[in-house]
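Protein chains in written order, with my numbering: chain A, 1 to 320; chain B, 1 to 365.
It should be emphasised that the hints constitute simulated quantities derived from the structure, not laboratory data.
It cannot be assumed that every hint is accurate.
[To be verified] Far from chain B, some chain A residues (derived; all Cβ distances over 10 Å):
| no. | residue |
| --- | --- |
| 1 | I4 |
| 2 | R41 |
| 3 | N64 |
| 4 | K158 |
| 5 | A174 |
| 6 | N188 |
| 7 | E236 |
| 8 | K288 |
| 9 | L314 |
[To be verified] Lysine to aspartate or glutamate pairs mimicking DMTMM-like chemistry, simulated, CA-CA at most 25 Å apart:
| no. | chain 1 | residue 1 | chain 2 | residue 2 |
| --- | --- | --- | --- | --- |
| 10 | B | K117 | A | E159 |
| 11 | A | K112 | B | E50 |
| 12 | B | K132 | A | E46 |
| 13 | B | K114 | A | D185 |
| 14 | B | K111 | A | E46 |
| 15 | B | K117 | A | E43 |
| 16 | A | K99 | B | E61 |
| 17 | B | K114 | A | D141 |
| 18 | A | K100 | A | E46 |
| 19 | A | K99 | B | E50 |
| 20 | B | K326 | B | E352 |
| 21 | A | K34 | B | D77 |
All C-beta atoms, glycine included, are put in the ideal place defined by N, C-alpha and C.
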Amino acid sequence: MANIKVFSGSSHPELSRRIAAGLGTQLGTVVTTKFNNGETRVEFGESVRGEDVYIVQSGCGEINDNLMELLVMVDACKIASASRVTAVIPCFPYARQDKKDKLGSRASITAKLVANMLSVSGADHIITMDLHASQIQGFFDIPVDNLYAEPVILKWIKENISDWKNCTVVSPDAGGAKRVTSIADKLNVDFALIHKERKKADKADRMLLVGDVKDRVAILVDDMADTCGTICHAAEQLISAGAAKIYAIITHGIFSGSAISCIDSSRFEAVAVTNTIPQDDNIKQCSKIQIIDVAIVLAEAIRRTHNGESVSYLFNNVPL
Amino acid sequence: SFCLHPKDMNHTKGGLVIFTANSHPSSRELGKRIAERLGVELGKVQVYQEPNRETRVQIQESVRGKDVFVIQTVSKDVNTTIMEMLIMVYACRTSCARSITGVLPYFPYSKQCKMRKRGSIVSKLIASMMCKAGLTHLITMDLHQKEIQGFFNIPVDNLRASPFLLQYIQEEIPDYRNAVIVAKSPASAKRAQSFAERLRLGIAVIHGEAQDAESDMVDGRHSPPTVKTTGAIHPSMEIPLLIPKEKPPITVVGDVGGRIAIIVDDIIDDVDSFVAAAETLKERGAYKIFVMATHGLLSSEAPRFIEESAIDEVVVTNTIPHELQKLQCPKIKTVDISMILSEAIRRIHNGESMSYLFRNIGVDD
Numbered sequence: 001m002a003n004i005k006v007f008s009g010s011s012h013p014e015l016s017r018r019i020a021a022g023l024g025t026q027l028g029t030v031v032t033t034k035f036n037n038g039e040t041r042v043e044f045g046e047s048v049r050g051e052d053v054y055i056v057q058s059g060c061g062e063i064n065d066n067l068m069e070l071l072v073m074v075d076a077c078k079i080a081s082a083s084r085v086t087a088v089i090p091c092f093p094y095a096r097q098d099k100k101d102k103l104g105s106r107a108s109i110t111a112k113l114v115a116n117m118l119s120v121s122g123a124d125h126i127i128t129m130d131l132h133a134s135q136i137q138g139f140f141d142i143p144v145d146n147l148y149a150e151p152v153i154l155k156w157i158k159e160n161i162s163d164w165k166n167c168t169v170v171s172p173d174a175g176g177a178k179r180v181t182s183i184a185d186k187l188n189v190d191f192a193l194i195h196k197e198r199k200k201a202d203k204a205d206r207m208l209l210v211g212d213v214k215d216r217v218a219i220l221v222d223d224m225a226d227t228c229g230t231i232c233h234a235a236e237q238l239i240s241a242g243a244a245k246i247y248a249i250i251t252h253g254i255f256s257g258s259a260i261s262c263i264d265s266s267r268f269e270a271v272a273v274t275n276t277i278p279q280d281d282n283i284k285q286c287s288k289i290q291i292i293d294v295a296i297v298l299a300e301a302i303r304r305t306h307n308g309e310s311v312s313y314l315f316n317n318v319p320l
Numbered sequence: 001s002f003c004l005h006p007k008d009m010n011h012t013k014g015g016l017v018i019f020t021a022n023s024h025p026s027s028r029e030l031g032k033r034i035a036e037r038l039g040v041e042l043g044k045v046q047v048y049q050e051p052n053r054e055t056r057v058q059i060q061e062s063v064r065g066k067d068v069f070v071i072q073t074v075s076k077d078v079n080t081t082i083m084e085m086l087i088m089v090y091a092c093r094t095s096c097a098r099s100i101t102g103v104l105p106y107f108p109y110s111k112q113c114k115m116r117k118r119g120s121i122v123s124k125l126i127a128s129m130m131c132k133a134g135l136t137h138l139i140t141m142d143l144h145q146k147e148i149q150g151f152f153n154i155p156v157d158n159l160r161a162s163p164f165l166l167q168y169i170q171e172e173i174p175d176y177r178n179a180v181i182v183a184k185s186p187a188s189a190k191r192a193q194s195f196a197e198r199l200r201l202g203i204a205v206i207h208g209e210a211q212d213a214e215s216d217m218v219d220g221r222h223s224p225p226t227v228k229t230t231g232a233i234h235p236s237m238e239i240p241l242l243i244p245k246e247k248p249p250i251t252v253v254g255d256v257g258g259r260i261a262i263i264v265d266d267i268i269d270d271v272d273s274f275v276a277a278a279e280t281l282k283e284r285g286a287y288k289i290f291v292m293a294t295h296g297l298l299s300s301e302a303p304r305f306i307e308e309s310a311i312d313e314v315v316v317t318n319t320i321p322h323e324l325q326k327l328q329c330p331k332i333k334t335v336d337i338s339m340i341l342s343e344a345i346r347r348i349h350n351g352e353s354m355s356y357l358f359r360n361i362g363v364d365d
C-alpha cells in the first residue's frame with residue numbers, strides 16, 4: 001500500500017511544513033539548490049519507489065526558477081519509480097497569460113505551455129487553488145483539482161468582521177462579479193461592483209460604483225493582487241461613496257513593486273490574504289495585512305486524494 | 001562569401017524571420033551578429049519580466065507562414081532563458097509560423113544528461129518540453145554528449161566549433177608545432193585525439209587524484225547495494241561487495257617536457273580541474289599552457305582563479321556571452337563562430353545540404 005510522501009520545493013517551505021503537519025507527517029528529504037552556473041539541482045534523499053508523492057511548489061517569487069525546480073522534481077520522482085506524482089501548486093504560475101486578448105495577437109498562451117510542461121515532466125495529477133480562470137483545468141489531460149478558498153474566506157469574514165451581517169461585498173472589476181455574488185449569497189448580504197467606463201481615447205477611464213455602500217462595511221474580494229493599483233483605487237472610491245469601513249480579501253497576494261506601501265497608505269482597515277504565497281516579509285512591513293491559512297484545505301485535499309475519497313466536501317466546507 | 005543579399009532570402013513564400021528571445025542585452029549580441037551576416041534585421045519582439053517576475057514575450061511583426069529562427073544564448077539565469085525560449089516558440093506556433101527552428105549554441109542542462117542517484121535527466125525534460133512547445137528543428141553546437149540528439153523527436157544539427165579552434169591554434173600560437181594536446185581527464189581523451197590528429201601533434205592524458213568529483217557520482221545506485229550489516233543480505237547470496245574506487249596518484253601519460261600544452265575540452269565552467277591540470281603540466285615541464293573550450297560558462301569565481309593560475313591563455317567561442325569575465329581576466333580570448341551558425345540558418349531556410357559544414361569532422365569529434 002503506497003504511503004503519502006510530501007516534498008517541498010524552495011518557493012514556500014513554510015506552507016509545505018504546515019501541510020505535512022496537517023497530514024500528521026513530516027516533509028521528505030530533498031536537496032533543491034543551484035549549481036554555480038545557475039542550473040537547478042534536485043536530488044531526493046529518500047526512496048520514493050512505489051509511493052504516492054506530493055510535491056508542493058507555488059508559482060511565486062522567482063517564478064521561472066521555481067517552475068523549473070517543480071518540473072525537475074516531478075521528473076526525478078517519475079524516473080525513481082514513484083507510483084503517482086501529484087504537483088500541489090497553490091498559486092498557479094502564468095495564470096493570467098491564458099488567452100490571446102486581441103485579434104491577431106501574437107502572444108503566447110503561456111498557461112497552456114505550463115500545462116504542457118507539467119504533463120511532459122510526468123505529473124499525474126494537479127492540485128491548485130482559485131485558478132484565475134477555471135478553464136485552465138481544460139488545458140490539462142490529467143485530473144486537476146481546483147480548490148476554492150471561499151469557505152476559509154467566509155469563515156474569516158464571520159470571525160474577524162464584527163458587522164458582517166450588514167456589509168456589502170464588492171468586486172473591483174466586472175470580471176469578478178461571479179466570485180463576489182457567490183460570497184454575498186452565502187453571507188446573505190448585498191453586493192456591488194466597480195465598473196470601468198471607457199471614455200474617448202484622450203480622456204482617462206472613469207470608475208463607477210454600481211451598488212450601494214453608504215454607511216456600510218465594504219469588503220473588496222479579488223483572486224489576485226499584484227501591483228494593487230486596482231484595489232487601492234477601489235478603496236478611494238468606496239470611501240468617497242460613503243463606506244464606513246473597508247476591507248480587502250485576496251486569495252493570491254503577489255504584492256510586487258510598491259504594492260505594500262500602497263496598501264499601507266490606503267484606507268483599508270485590514271487586507272486579508274491567504275498563504276498560497278509567502279507573506280512573512282509583507283506582514284513585517286505593513287500591519288494591515290492578515291493571513292488566512294489554507295494549509296488545512298490543501299492537506300485535506302491531499303488526504304482525500306490519497307484515500308480515494310471525495311474532494312467535493314471541500315468546495316463548501318472548511319476542514320476541521 | 002557567406003553574406004547574402006536581402007532579395008535572396010525570400011525563397012519560401014513566407015520568407016524568414018530571426019528573433020532573439022533573450023531579455024538580457026548582452027545575450028543578444030550573437031543574434032545581432034548572425035543577422036548581420038545574413039543581411040537581415042532581427043525580428044521585432046519585446047521580451048521582459050513583469051514586476052511579479054513572470055516573463056512576457058510580445059512579438060511585434062507577423063510570423064504567419066514564415067520560417068522562424070529563435071536564437072537563444074544562455075545567461076546566468078538559465079531557467080528564465082529556457083522559459084523565454086519556450087514562450088517564444090509557443091507564441092510562434094499559435095501564430096501560424098511555417099516552421100520554428102531553435103538556435104541554441106549552448107544547450108542548457110547538458111551536463112545533467114544521465115541518471116544520477118535520484119535526480120532527473122533534465123536535458124531530456126527540456127528536450128520534451130521544447131518539442132511539445134512547437135519546435136520543429138534544433139541547431140546547437142558541441143553537445144556535451146552526442147546522445148542528447150536522441151532525446152528529441154525533431155531533427156537536431158550538432159555543429160562543431162573545432163575548425164575555428166584549430167584555426168586559432170594555427171594562426172595565433174607561433175610555435176604550435178611544438179605543442180602537445182592534453183586531455184585533463186580520460187573523459188576528454190577522444191576530443192584531444194581528434195584535435196591532435198588534425199594538427200599532427202601528440203597527445204597527453206592526465207589521470208588520478210585531481211579527478212572531477214562529479215564523475216564518481218554518475219550513478220549512485222551502487223549495484224549491488226553497499227550494505228554494512230550482513231544481516232540485510234540473504235545468507236545464501238554470495239554477492240561480492242564492490243571495492244570502493246581508489247584514485248591513483250596523478251599520472252600524466254604522454255610527454256609534455258619542454259613543450260606547449262594545449263588542454264582541450266567542450267565546456268569550461270568550474271575551473272578547479274583546469275587549474276590543477278595546469279599545475280601538474282607545469283611541474284612536468286610544459287613551458288606554456290593554453291585552454292581551448294567551445295563553451296565558456298566561467299561561473300562565479302572562475303575568472304579570478306584563471307588569472308591566479310599557471311594557465312597562460314583561455315580561448316573560448318562566443319556561444320555564451322562572457323564580456324564580464326573578460327574584463328575580470330585578460331587571459332580570456334574569444335573566437336567568433338557566428339559564421340557557421342548563420343551559414344546553417346541560410347542552408348536550412350533554402351533547403352540546401354548541410355554536409356559542407358561537417359566536412360573533415362572525424363567520428364570522435
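Evaluated hints:
For I4/A, the condition that its CB be more than 10 Å from all CB atoms of chain B holds, with the nearest at approximately 18 Å. Its closest Cβ contact with chain B, about 8 Å, brings R41/A to no more than 10 Å, contrary to its assignment away from the interface. A beta-carbon of chain B comes within 10 Å of the beta-carbon of N64/A; the shortest separation is about 4 Å. Its beta-carbon lying about 31 Å from the closest one in chain B, K158/A satisfies the requirement of being farther than 10 Å from that chain.
The beta carbon of A174/A is kept farther than 10 Å from every beta carbon of chain B, the shortest such distance being approximately 23 Å. Annotated as non-interface, N188/A keeps its C-beta farther than 10 Å from every C-beta of chain B; the closest such distance is 35 Å. Consistency note on E236/A: stated as away from chain B, and its beta-carbon is indeed over 10 Å from all of that chain's, at 21 Å minimum. Distance to chain B confirms K288/A as a non-interface residue, since its nearest Cβ pair spans about 20 Å, more than 10 Å.
Chain B leaves L314/A outside its interface by the beta-carbon criterion, the shortest separation being 27 Å against a cut-off of 10 Å. The hinted pair formed by K117/B and E159/A fails the criterion: a straight-line CA distance of about 49 Å is larger than 25 Å. About 19 Å separates the Cα atoms of K112/A and E50/B, which keeps this hinted pair within 25 Å; it holds. At most 25 Å may separate the alpha-carbon atoms for a hinted pair to count; K132/B and E46/A exceed this at roughly 31 Å.
Annotation: proposed proximity of K114/B to D185/A is violated, straight-line Cα distance about 56 Å (limit 25 Å). For the hint linking K111/B to E46/A, the alpha-carbon distance of about 23 Å falls within 25 Å, and the restraint holds. Between the alpha carbons of K117/B and E43/A the distance comes to roughly 7 Å, so the proposed pair stays at or under 25 Å and holds. This hinted pair checks out: K99/A and E61/B have alpha carbons roughly 19 Å apart, not beyond 25 Å.
Annotation: proposed proximity of K114/B to D141/A is violated, straight-line Cα distance about 28 Å (limit 25 Å). About 43 Å separates the Cα atoms of K100/A and E46/A, which puts this hinted pair outside 25 Å; it is violated. For the hint linking K99/A to E50/B, the alpha-carbon distance of about 17 Å falls within 25 Å, and the restraint holds. Restraint check for K326/B and E352/B: the C-alpha separation of about 37 Å exceeds 25 Å, so the hint is violated.
At roughly 11 Å between alpha-carbon atoms, K34/A and D77/B fall within 25 Å of each other, so this suggested pair holds.
When the structure is compared with the earlier hints, violations turn up for hints 2, 3, 10, 12, 13, 17, 18, 20 and for no others.
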